[in-house]
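Participant: This is what each chain is made of:
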Amino acid sequence: MSALIVRSIGPACAIQDLGRPGFLANGLTRGGASDPTALYEGAALLRHAPEMAALEMAGMGGTFEATADMRIALTGAEMTATIDGDPPHSNASHLLPKGAILAIGAARRGTFGYLHVGGGFDTPRYLGTRGSHLSAGLGQLIAVGDTLNALPDSGTETGLHLIPEPRLDGGTIRVVPSVQTDKFSDETRARFEATKFRRDPRGNRQGMRMDFDGDGFHASGQLNIVSEIVVLGDIQITGDGTPFVLMHECQTTGGYPRIGTVLPADLSKVSQAPIGGTLQFEFLTFDQAAAIQARANTSLANMRRVVKPLVRDPATMQDLLSYQLISGAISATTKDEG
Amino acid sequence: MTANTPSHDGWPQIKTVGLAGILVTFSPVLSESANRAAIAFRAAVKDQDWTEIEESNSTLVSAFFRIDLATHRPEPLVERLRDMLGTQNWLDAPLPDGRTLWRVPTLFGTDRAPQLQEAADMAGRSVNEAITDLSTTTMRALTIGFAPGQPYLGTLPDHWEIPRLSQITPRVPAGALVTAVRQFCLFPYDTPTGWRHVGQTGFLSFRPWADEPFVLRAGDEMIFDPVSETELAKIEASVKDGLGGAQREAIP
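As you go down the protein sequences, you meet chains A and B in turn. Oh and the first sequence: position 205 is 205 in the numbering used here, straight run, nothing missing. Oh and the second sequence: position 160 is 160 in the numbering used here, straight run, nothing missing.
Bound-form chain A, shown alone:
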């Protein structure tokens, strides 16, 4: 069995997958990766299913030793990384030879980086799936000395890459109207859209606080709202008028009003926004949102089509021979699937 042995690790690394739907009536939200797009990308690069578990690394990665030859890919936040001292391409698949050291450092852009292995990680399942839901007590943070086993890898191809959908720098976040949107006046909603928010350091997998200058945002009759269903991406306004975007480990119900819900396709942008990064919200109509999201779902489903072999300039390659040995997929005759 192949595995990664954890030699050092950042403070917030845990196994994630696409989450655990089906427990809403039991008070458990779906959970899953903060940037699910990165799971689809990793799966496309390694040619396995997007349901495979990967290692989510918030802000800082770790150092890993391979117990056997393994295929890996790095997606999501851009983190400094080396394989036995040489930097691998981001958003690409690589061979990690037996005994090699993969060192992943701090995020240079974005917040959540993902380490994928061919076949996916074979960590314990909790209520059916491997994704950690730490606020519910399912799974745990990865620690030094842990062994992260991989499932059997049926693929051999490496040296594939893709150009990710830009989402690491904040920007405009599209919002779908929801149950309580009409409890906020037109003026409040307009001011909400015009405000440049900053991602506050007080953010985690339960919620991201939005920092801003100026007055808070208040619903009419805010204190009298009966606790109601919470869904992923809801923008909850707390008593002092501050918005929080509710993330993957949020609660299932809440008593604070929600001004709207982040379009699912834009939620990764909220996750990945760097601390202090600017975010601005823009309301869509329901119909616009449904149409955009349907296209985004199609893109995710077709992610494999945008994967291409890495084209390397031999002049920049430090060790041409080893690259060719490692990356059997680099071939002038490989046809682009897209």
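Since the hints were derived computationally from the structure, they do not count as laboratory data. Quick caveat: nothing in here was measured; it's all calculated off a predicted structure. It is possible that some hints are incorrect.
[What the hints assert, rightly or not] Pairs of lysine to any residue, SDA-like flavour, derived with a Cα cap of 25 Å:
#	chain 1	residue 1	chain 2	residue 2
1	B	Lys240	A	Lys98
2	A	Lys183	B	Ser31
3	A	Lys183	B	Arg82
4	B	Lys46	A	Ser227
5	B	Lys240	A	Ser135
6	A	Lys183	B	Asp211
7	B	Lys46	A	Pro21
8	A	Lys183	B	Lys46
9	A	Lys183	B	Val181
10	B	Lys240	A	Ser8
11	B	Lys240	A	Gly128
12	A	Lys183	B	Gly10
13	B	Lys240	A	Lys183
14	B	Lys240	B	Gly194
15	B	Lys240	B	Ser228
16	A	Lys308	A	Pro166
17	A	Lys196	A	Leu134
18	B	Lys46	A	Pro88
19	B	Lys46	A	Gly128
20	A	Lys183	B	Ser228
21	A	Lys183	A	Lys196
22	A	Lys183	A	Leu127
23	B	Lys240	B	Asp211
24	B	Lys240	A	Val226
25	B	Lys240	B	Ala174
26	A	Lys183	B	Trp11
27	A	Lys183	B	Leu30
28	B	Lys46	B	Gly98
29	B	Lys46	A	Gly22
30	B	Lys46	B	Leu91
31	A	Lys98	A	Pro166
32	B	Lys240	A	Ser227
33	A	Lys183	B	Ser27
34	B	Lys46	A	Lys308
35	A	Lys183	B	Pro28
36	B	Lys240	A	Leu134
37	A	Lys308	A	Pro88
38	A	Lys183	B	Gly98
Fit chain B to the given chain A structure using the hints.
Facilitator: Just chain B, lined up with the frame of chain A:
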């Protein structure tokens, strides 16, 4: 589509929830009948196994149906839900079959549940009267939520309409029975809370290691039988299944 404008004045209201699903709300305020309607309506729709509904849930006064609204247009589903609403007066509907009554050994007060005295004072009851109120009222799980398995239980007599604490208690232990606004919560693990800690049980509403991780469903009933500090200690020493010596019986 103005998805969030109810098509009829008044209640129930049907609204889309982002692109995540459709919510049917029976009342703007919490009431026994609206809660019962939410539980009964959710159960009735669930029994029909609509292919578009991925899962469903009932909150205090609403039934939520999780549906991918980027794939399924809401209008025909809203129409079907409205037809279902029209089949009966859901505020008069009985609770669904298959519910369970739980009797949970509970230590009221002492330093294991140190806010009983304060809560009793606020309710205008002596400690002994408070224990009688809290242990003889049959409480219904109004909804399961916030944390996994966690029940919101109602409803205590009127004088238990006491507010939440202004200062949050940083930690109460798993199995803590806490009260505010005529309700109980029973926490599955250590948690901060703004509700007053009036009882301690060994009952965990979420046991991720067990074959049956979630034992409570919305609509189930609970009675918190008083036990002494010694009796609770004995239960804690001998009962390892996380249910704290609770007994269950089917509600006929």
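Participant: Compare the distance between the alpha carbons of B:Lys46 and B:Leu91 with 25 Å, and conclude whether the hinted pair is satisfied.
Facilitator: Since the Cα atoms of B:Lys46 and B:Leu91 sit roughly 18 Å apart, the hinted pair holds (cutoff 25 Å).
Participant: Does A:Leu127 lie within 25 Å of A:Lys183 when you go C-alpha to C-alpha?
Facilitator: Not OK: A:Lys183 and A:Leu127 at ~37 Å, beyond 25 Å, violated.
Participant: Quickly compare the C-alpha distance for A:Lys183 and B:Asp211 to 25 Å and report which way the hint goes.
Facilitator: With Cα atoms ~43 Å apart, A:Lys183 and B:Asp211 exceed 25 Å; violated.
Participant: Straight-line Cα separation of B:Lys240 and A:Ser135 no greater than 25 Å?
Facilitator: holds, 23 Å
Participant: Taken at face value, is the distance from the CA of A:Val226 to the CA of B:Lys240 at most 25 Å?
Facilitator: violated, 37 Å
Participant: Between B:Lys46 and A:Gly128, is the straight-line Cα distance small enough, at 25 Å or below?
Facilitator: Within the cut-off at roughly 22 Å; holds.
Participant: Decide if the proposed pair is consistent with the structure: A:Lys183 and B:Gly10, CA atoms, cutoff 25 Å inclusive.
Facilitator: Judged against 25 Å, a Cα distance of about 16 Å means the pair holds.
Participant: Given the hinted pair A:Lys183 and B:Ser228, is their alpha-carbon gap at most 25 Å?
Facilitator: Roughly 48 Å between the alpha carbons, so the hint for A:Lys183 and B:Ser228 is violated.
Participant: Between A:Lys183 and B:Val181, does the CA-CA distance stay at or below 25 Å?
Facilitator: holds, 24 Å
Participant: Are the Cα atoms of B:Lys240 and A:Gly128 separated by 25 Å or less?
Facilitator: The given pair, whose Cα atoms are some 23 Å apart, holds under the 25 Å limit.
Participant: Take a quick look at whether B:Lys46 and A:Ser227 sit within 25 Å of each other, Cα to Cα.
Facilitator: holds, 22 Å
Participant: Against the 25 Å threshold, does the CA-CA distance of B:Lys46 and B:Gly98 hold or violate the hint?
Facilitator: holds, 14 Å
Hints 1, 6, 8, 10, 13, 14, 17, 18, 20, 22, 24, 31, 32, 34, 38 from the list above are not met by this structure, while the remaining hints are.
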